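Participant: Listed below, chain by chain, are the residues.
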Amino acid sequence: MSQLIKLEVVTPERPVFSAEVAEVQFPTATRGYYGILPGHTPLMTEVGDGLLYYVQDGQKHFITVFGGFAEVGPDRVTILARESETVDMIDLERAEASRQRALKLLKEALTEHDLAAAQAKLNASLIRLQAAGHPAGHGF
Amino acid sequence: MAGLQDIRRRIRSVKNTQQVTKAMKMISAVKLRKSQERLVALRPYAGKMMEVVRRVVGRIKGDATIQPGPAARAFLFPREEKRIRVILVASDKGLCGGFNANVLKAANAFVAETTSEIVHLDVVGKRAAEWARKRGLPAGAEYIGIPLTGLQRVVTEISESAAAQYNAGEIDALYVIYNYFNSPMSQTPTVFRVVPMELDRRVEGRDALEVSHLLEPDPNAVLETLLPRFVETELLRNLLESSASEHGARMAAMDKASSNAGDMIAKLTLTMNKIRQASITNQIIEIVSGANA
Chain A
1 MSQLIKLEVV
11 TPERPVFSAE
21 VAEVQFPTAT
31 RGYYGILPGH
41 TPLMTEVGDG
51 LLYYVQDGQK
61 HFITVFGGFA
71 EVGPDRVTIL
81 ARESETVDMI
91 DLERAEASRQ
101 RALKLLKEAL
111 TEHDLAAAQA
121 KLNASLIRLQ
131 AAGHPAGHGF
Chain B
1 MAGLQDIRRR
11 IRSVKNTQQV
21 TKAMKMISAV
31 KLRKSQERLV
41 ALRPYAGKMM
51 EVVRRVVGRI
61 KGDATIQPGP
71 AARAFLFPRE
81 EKRIRVILVA
91 SDKGLCGGFN
101 ANVLKAANAF
111 VAETTSEIVH
121 LDVVGKRAAE
131 WARKRGLPAG
141 AEYIGIPLTG
151 LQRVVTEISE
161 SAAAQYNAGE
171 IDALYVIYNY
181 FNSPMSQTPT
191 VFRVVPMELD
201 RRVEGRDALE
211 VSHLLEPDPN
221 AVLETLLPRF
231 VETELLRNLL
241 ESSASEHGAR
251 MAAMDKASSN
261 AGDMIAKLTL
271 TMNKIRQASI
281 TNQIIEIVSG
291 ANA
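Just so you know, the protein sequences line up as chains A and B, in that order. For the first sequence, position 43 matches number 43 in the working numbering, and the numbering has no gaps at all. For the second sequence, position 145 matches number 145 in the working numbering, and the numbering has no gaps at all.
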């Protein structure tokens, strides 16, 4: 397979990633993970929270994505993420601290709303930890 | 001599002013850099967003089998513009050259020309608020003294209420009047219609050739989440453009003021030296004529 896909990930704060890759998989908001290979039918969908991975030179790499939109063409995948970071951008200590905080909030949560907020926070920290290969992320 | 004293005092005062303008120029340069960084980071995202929205809109317009929902329909098929909402973006502070004057002039022209009724006017910046009050226009929300980090909140607030108004049919269009940031030295006052979106024909034509997109889970769901994000992104971009423009304009104005002060000091110093020279010459003449006598 000689064809490649141009993967671009941009957030309002910065362009996160741009390169030619062989394969992409990303989480959608409503339909689980989508795997994209070159020559995919044009597609447009909402992105969920989770881990995107791409394959470059036979190697799998991770990028976190949190919400936004994905646009897929035969030779491109464009992700307009609300938030996103490559593994290098993740601050492990901060993610771990945020996980601990979220766990604490989860225990103390009284209202439905607090619970949902704490859960979302926990998910986000777990996604980051998993991307960075931290053991705590594997339970996710 | 009294003249000499006066000129010395003036030189000192001009020097003080120059120091102030120099300091303001430095501050503006720092602020400009911050605004510009954010703007430059956002522009690719906003550009991509625009591209994606155009493709989706082109797709939906070109396919008769898709029945757009109310939100999508309002966005895709412009209504007659009877009632509009306008957001005017200027600055809080002056001393930034033609920055405010230009954008307010554009606003004046817009108000004079428009045939639709402005039902809601949001103003960002004290100068814009003052202008709206003077013109007796219906004041909506006023955003004054918003720091760079607070822009996101303003954007969310405005875009949410504007989207609600638009969907409810209370407004038929949303305009933003702001200064577009060309470069630190140049800004263009711009009137921009956020919704309904202006599709340029060239883009529509090109996209029609492409294979149409699958929209999942379904076209309406995608559009209904995409459109608010689009409005938000465009607003944020406009506010950042204005912020960067403001600091650029102030930097240019203060730079000019500093160099003017420099010219003035040079001129005054020359006059002062002339007077001093004249008085020395006078004294010598007095001494010489006294010795001769």
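Keep in mind that a hint or two might mislead.
If you want the footprint, here are the derived chain B segments under chain A, 3+ residues with CB under 8 Å [to be verified]:
#1 12–23
#2 215–224
Distance ranges between label pairs, derived from CB positions [claimed, not checked]:
#3 B:Val40 / A:Gln56: 22 to 28 Å
#4 A:Thr41 / B:Glu160: 29 to 35 Å
#5 B:Arg135 / A:Gln100: 26 to 32 Å
#6 B:Met26 / A:Glu112: 49 to 55 Å
#7 A:Glu13 / B:Gln67: 34 to 40 Å
#8 B:Thr188 / A:Asp57: 30 to 36 Å
#9 A:Thr111 / B:Glu160: 18 to 24 Å
#10 A:Gly35 / B:Ala41: 56 to 62 Å
#11 A:Asp57 / B:Gly145: 27 to 33 Å
#12 A:Asp57 / B:Leu214: 26 to 32 Å
#13 A:Leu105 / B:Met26: 26 to 32 Å
#14 A:Leu105 / B:Leu148: 55 to 61 Å
These aren't lab readings, by the way, just hints derived from the structure by calculation. From a predicted model like this one, the values you see are computed outputs, not experimental measurements. The beta carbon of each residue, even a glycine, is placed where N, CA and C say it ideally should be.
Participant: Indicate, hint by hint, whether the structure satisfies it.
Facilitator: Hint by hint, here is what the structure shows:
1. 12–23: Since 0 is below three, the answer is violated.
2. 215–224: holds (count 5)
3. B:Val40 / A:Gln56: 22 to 28 Å: Between Val40 (chain B) and Gln56 (chain A), where Cβ atoms are some 26 Å apart, the hint holds.
4. A:Thr41 / B:Glu160: 29 to 35 Å: Holds: the Cβ-Cβ distance is about 34 Å, inside 29 to 35 Å.
5. B:Arg135 / A:Gln100: 26 to 32 Å: violated, 55 Å
6. B:Met26 / A:Glu112: 49 to 55 Å: Taking Cβ atoms as reference, Met26 (chain B) and Glu112 (chain A) lie about 51 Å apart, which means the hint holds.
7. A:Glu13 / B:Gln67: 34 to 40 Å: holds, 37 Å
8. B:Thr188 / A:Asp57: 30 to 36 Å: The hint (30 to 36 Å, Cβ to Cβ) is violated, given that Thr188 (chain B) and Asp57 (chain A) are roughly 45 Å apart.
9. A:Thr111 / B:Glu160: 18 to 24 Å: holds, 23 Å
10. A:Gly35 / B:Ala41: 56 to 62 Å: violated, 30 Å
11. A:Asp57 / B:Gly145: 27 to 33 Å: violated, 51 Å
12. A:Asp57 / B:Leu214: 26 to 32 Å: Since the Cβ atoms of Asp57 (chain A) and Leu214 (chain B) sit about 30 Å apart, the hinted range of 26 to 32 Å holds.
13. A:Leu105 / B:Met26: 26 to 32 Å: At 43 Å between Cβs, range violated.
14. A:Leu105 / B:Leu148: 55 to 61 Å: violated, 29 Å
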